[in-house]
Every structure is written in C-alpha cells, then in structure tokens.
Amino acid sequence: MIGIISSLGRWGLGVFERLGRGHLFLVQILAGIPGLFLRFSLVVQQLFSVGVLSVLIIAVSGLFVGMVLSLQGYYVLVDFGAEESLGVMVSLSLVRELGPVVSALLFAGRAGSALTAEIGLMKSTEQLSGMEMMAVDPMRRIIAPRFLAGLISMPLLAAMFSAVGIIGAFLVGHGLLGVDDGAFWSQMQVKTDWYDDILNGVIKSIVFGFVVTWIALFEGHDSVPTSEGVGRATTRTVVHSAFAILGLDFVLTALMFGED
Amino acid sequence: MLQKKSTEITVGMFVAAGIAALFMLAMKVSNLSDFNSDPGYKIIAEFENIGGLKVRSPVTMAGVRIGRVGNISLDPDSYNARVTLDMYASFDNIPTDSSASIYTAGLLGEQYIGMEAGAEEEFLQEGDVVELTQPALVLEQVIGQFLFSKAEGDE
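Chains as they are written, first to last, in our numbering: chain W, 1 to 260; chain Y, 1 to 155.
Among the hints, a few may not be true.
Calculated cross-link-like contacts (lysine-lysine; reagent style BS3-like; alpha-carbon spacing at most 25 Å) [stated by the list, open to error]:
hint: 1; chain 1: Y; residue 1: Lys42; chain 2: W; residue 2: Lys191
hint: 2; chain 1: Y; residue 1: Lys54; chain 2: Y; residue 2: Lys42
hint: 3; chain 1: W; residue 1: Lys191; chain 2: Y; residue 2: Lys5
Here are some chain W residues the structure puts well away from chain Y; computed CB gaps all over 12 Å [stated by the list, open to error]:
hint: 4; residue: Ser6
hint: 5; residue: Arg10
hint: 6; residue: Val27
hint: 7; residue: Ala114
hint: 8; residue: Arg141
Because the hints were derived from the structure by calculation, they are not lab data. Here the structure is a predicted model, which means the values were calculated and not measured. Where a beta carbon is used, it is the ideal one built from N, C-alpha and C, also for glycine.
Please model the entire structure based on the sequences and the hints provided.
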C-alpha cells in the first residue's frame, strides 16, 4: 500500500519537476531571442529547415482537405438547396479550425519531431556541452533561433493551408459539382469576417506554433542522451504536441467564438 | 556561400508565399475588401420589428447590393428599432420617398433590407430618415393571425 502511494508521489514529483524545467527552459529561450535580431541569418537558416521544408506537406494536405470538405459539405447542403453556401462552410471551417489545427498537427509531425531528434542527437554526441566549453551559449546559438523560426513559420503555414484548401474547395465545388462561382465567392466574402474569423485563426496558429516548438525543443534538450532516449523524446514530442494543440484549440475556441 | 544564398532565396519565397496566402484570405475570402472601399453615407430607418436582422446584413435595391446595416439600436421614445444603413457612395441617387422593408432570403436564409425607389426628385443625404418602412415578417405572428382568422371564420 505504502509502495503504491510512494510510487504515485514519485510520478507526481517527476511530472512537476519536468513542468518546472520546461518553464525555466522557456524563460531561457525568451531571454535569448532579443540577441537574435543582431544575427538574423541564424533564424533564416532555421526558417528554411522548419518552414520551407514543411510547405509541401502543408500545401498538399490543405488542397485535399479543402476538396474533401467541398464534396462532403455539398452532400449535406444540397438537401436544403443551399449549395451556394459551400464557400462559406469551407472558408469558415478552414480559417477558424482546420487551418490552424491540422497544419499545427502536421507541423508537429514534420518539423517538431525533426527538431527534437536534432537537438537530442546534439546532446547525445555532446555537441551542446562542447559549445559550452567554447563559451558559446547553446541556448542562444542553437535553441532560440529554432524557436523563433517555428513561431514565424506556423502562422504562415496555416495561412497557406487555408488558402490552398479554399482553392481546392473551389476547384471541386465549381468544376466537379457545378456550384455557381459568383455565389461561392460572394457568400464567402459576406460571411467571413477579417477580424473575427481570419485574425482569430492567425492568433490560434501563433499559439500552436509557440507550444509545438517549445515542446519539441524541450523534449530534445531534456532527452536521455542515448539512441533510445532520443527516439522516445521524438515520440513524446508528437504525442504531447497533439494533446496540447487539441486541448488549447478548445480553450481558444471557447474564448474567441464562445459568446455568440 | 552559394548554398547560403539559395537558402535565403527560398526562405524569402516562403515568407512571401505565406503573406500572399494571408493577403488572399483577407481580400478574396473575407469582407475586408469592402471596409475601406468608399466612405459612403449613412441613412436611418425605423422599423417596428427587425426580426433576425443583424449588423452587416446587406441592403439591396432591385436585388443589387447598395449598402449594409451599420448599427442597430432601440429608440428610447418610440420603442422602435433604429437601424443605421451604411450606403455605398456610388449609389447617391436614391429618392427621399423610397421605402425600406425587411425580407428573408429564401425560406431559411438570412434577413436583409430591400429598398424600393420612390418618385421624388430629391435624393437621400447623410443622416436622412427613411419614412416608409415595413417590419420583418415574424412567422409565429403570421401563423397566429391565420389561426385566429380561421377560428373566427368557423363561427
């Protein structure tokens, strides 16, 4: 009995210790960010590996998500004779929810896991310690540029996802299903609000970018420096990011769109 | 060095594509494009009942969109709904005796204000009030009246 309680206590202490280390880690990252603007080329390099290399998967998934939304939405709307509302349905669901959420999930899988593996390997091959020996702060030189790059790329990727998705929905809706193109765009423009819908979606994606990159970098930095440890850390990155994204999405949605 | 140059170029293209996507969302998808298009002028219409009319609902004449609902408030004296219409500047030749009614687009659609042109030579200006208005049709009231007249007819 005592054994069970003490193992529960050990588990709880472990969780809180990790949470505490994670937040201290975040403070250190944020402290390293102002110095980055003097050496922005570091961030540009990371923008390439974090952002540019994720464009393909984001654009292709966005296109297909938009096309599927169009097909499925048409099926429901046609019963009400409201197939012109297809544009509104697709644009609101993409801009408010699917754009930020799905692109963040893909981002966690594509860029987050890569970041964790990279940092974890740097740690296990003692490159981070080596940098410290040379009086180069790895937080500023390695971690902070990656964090800023993730924070910048996520909203851009989410915007691309939504835009490509809407184009995909238009192609299917107009080309395949024969929805009138004027009604498609005009209804969309009437019902989609710049502040309420699009900017809130952008805020969501910034929050997700923040959380995913933070989790990925922390898991990498905190990983057990063995090949198994790095593998586990990578898995944890994807799982925890997915939880964080979906949980935060509920909170943000309730805050942004809850009242009306 | 060459490697770095190409990295910078692709990153530049990435950022530009992201901003272009956001721009497309702003201009093509959302209603941002008609916010600052033209300042227009405001007119006021009082309705007995506006039903489900909302801010930013369209104002049309002969089916053509000529403005949008800017503000809705309750008149403290008459207890009527006081609706401010933001008219587009290009439609500045609407006669002063035009009428405004609240219609529903389709059976389940949203409500909008339909205006019908009058015959007056003078045109509505900033701050003018539309005198002839017709309230929204509230389905429950119509059904109630129908049942009432039916019940009377039976006797």
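Okay, the hints, checked on the actual structure:
1. Restraint check: the Cα-Cα separation between Lys42 (chain Y) and Lys191 (chain W) comes to about 22 Å, which is no more than 25 Å; the hinted pair holds.
2. Restraint check for Lys54 (chain Y) and Lys42 (chain Y): the C-alpha separation of about 16 Å stays at or below 25 Å, so the hint holds.
3. Between Lys191 (chain W) and Lys5 (chain Y) the alpha-carbon distance is near 43 Å, which puts this suggested pair outside the 25 Å criterion.
4. No Cβ of chain Y comes within 12 Å of the Cβ of Ser6 (chain W); the nearest lies about 51 Å off, and the non-interface call holds.
5. Every C-beta of chain Y lies more than 12 Å from that of Arg10 (chain W), the closest at about 45 Å, which supports listing it as non-interface.
6. Under the 12 Å C-beta cut-off, the non-interface status given to Val27 (chain W) relative to chain Y holds; the minimum distance is some 28 Å.
7. At the 12 Å boundary, the C-beta of Ala114 (chain W) stays outside the reach of chain Y, the nearest C-beta of that chain being 16 Å off.
8. Under the 12 Å C-beta cut-off, the non-interface status given to Arg141 (chain W) relative to chain Y holds; the minimum distance is some 17 Å.
Checked against the numbered hints listed earlier, the structure breaks hint 3 alone; every other hint is satisfied.
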